[in-house]
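> Sequence:
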Amino acid sequence: TASATDSNGASVQDLSDAGTSPIGNNGDGGTSDSTVFAAADIAVAKDMQVVDNGDGSFDLFYTVTVLNTGSAFLSNIQLVDTPSPALAEASVALLSDVDVVSGTATAGSYNLATSSNLISVANLLAGDSFTLKYSIRIVPSNTNDPSAISNQALVTADDGAGGQVSDLSDNGPLALGDN
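The C-terminal position of the sequence shown is numbered 175 in our numbering, with every residue numbered one higher than the one before it.
Some hints here could point you the wrong way.
With beta-carbon atoms standing in for the labels, derived distance ranges [stated by the list, open to error]:
#	residue 1	residue 2	range
1	Ala6	Gly99	46 to 56 Å
2	Ser111	Ser67	24 to 34 Å
3	Asn119	Asn4	51 to 61 Å
4	Gly156	Gly99	17 to 27 Å
5	Ser(-1)	Leu150	43 to 53 Å
6	Gly52	Leu90	11 to 21 Å
7	Leu150	Ala6	28 to 38 Å
8	Ser67	Asn140	40 to 50 Å
9	Gly168	Ala34	26 to 36 Å
Treat the hints as calculated values from the structure; they're not laboratory data. Note that CB positions come from ideal geometry on N, CA and C, so glycine has one too.
Make the full structure from the sequences, and use the hints.
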């Protein structure tokens, strides 16, 4: 709030308005709207449980969580999971395709051999998240370098101000911080 006294001794005041112009309503709300700070940020974590089948094959159960860690609405969220060449060579079966288990998103699909968009539609309000799961079977001996079996997810989103935010998945169950 700005307050002053005019040349006739009358008190005048004005509440700030969001935007760059001191006159009018700047196109949002009324003439005295608060200036709201909005920062866009996103985080993703990927957890894996391994089951040894006793025959040289292993079942990998993935849980991926995406969290809007900023204060701005995020839209057009893309979650791409890319297997390493060794993982693609070792993969023998998709046990269960992508399933959204919490939050609001539309499941995509997992491709054993190439990059996959794990969701087809998702938007997140500040503080909201979604979690999905999928599982595959691998035979490490199918690749020349079993130590190179890996994959990492990349999440990207539009921030509503013409920019984009992104994050590479951390290993573990928590999207906040480093696991």
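> Does each hint fit the structure? Answer for all of them.
Evaluated hints:
The beta-carbon spacing between Ala6 and Gly99, approximately 54 Å, falls within the hinted interval of 46 to 56 Å. As the Cβ distance of Ser111 to Ser67 is approximately 30 Å, the hint placing it in 24 to 34 Å holds. For the hinted restraint 51 to 61 Å between Asn119 and Asn4, the CB-CB distance of approximately 52 Å keeps it satisfied. Between Gly156 and Gly99 the CB atoms are about 19 Å apart, so this pair conforms to the stated range of 17 to 27 Å.
For Ser(-1) and Leu150, the Cβ-Cβ distance of about 50 Å falls inside the hinted range of 43 to 53 Å, so the restraint holds. Hint check: Gly52 to Leu90, Cβ distance near 18 Å, so the stated range 11 to 21 Å holds. Look at Leu150 against Ala6: about 60 Å separates their beta carbons, and that is not inside 28 to 38 Å. Hint check: Ser67 to Asn140, Cβ distance near 47 Å, so the stated range 40 to 50 Å holds.
Taken as a hint, the range 26 to 36 Å holds for the pair Gly168 and Ala34, whose Cβ atoms sit roughly 28 Å apart.
The structure fails hint 7 only (numbered hints given earlier).
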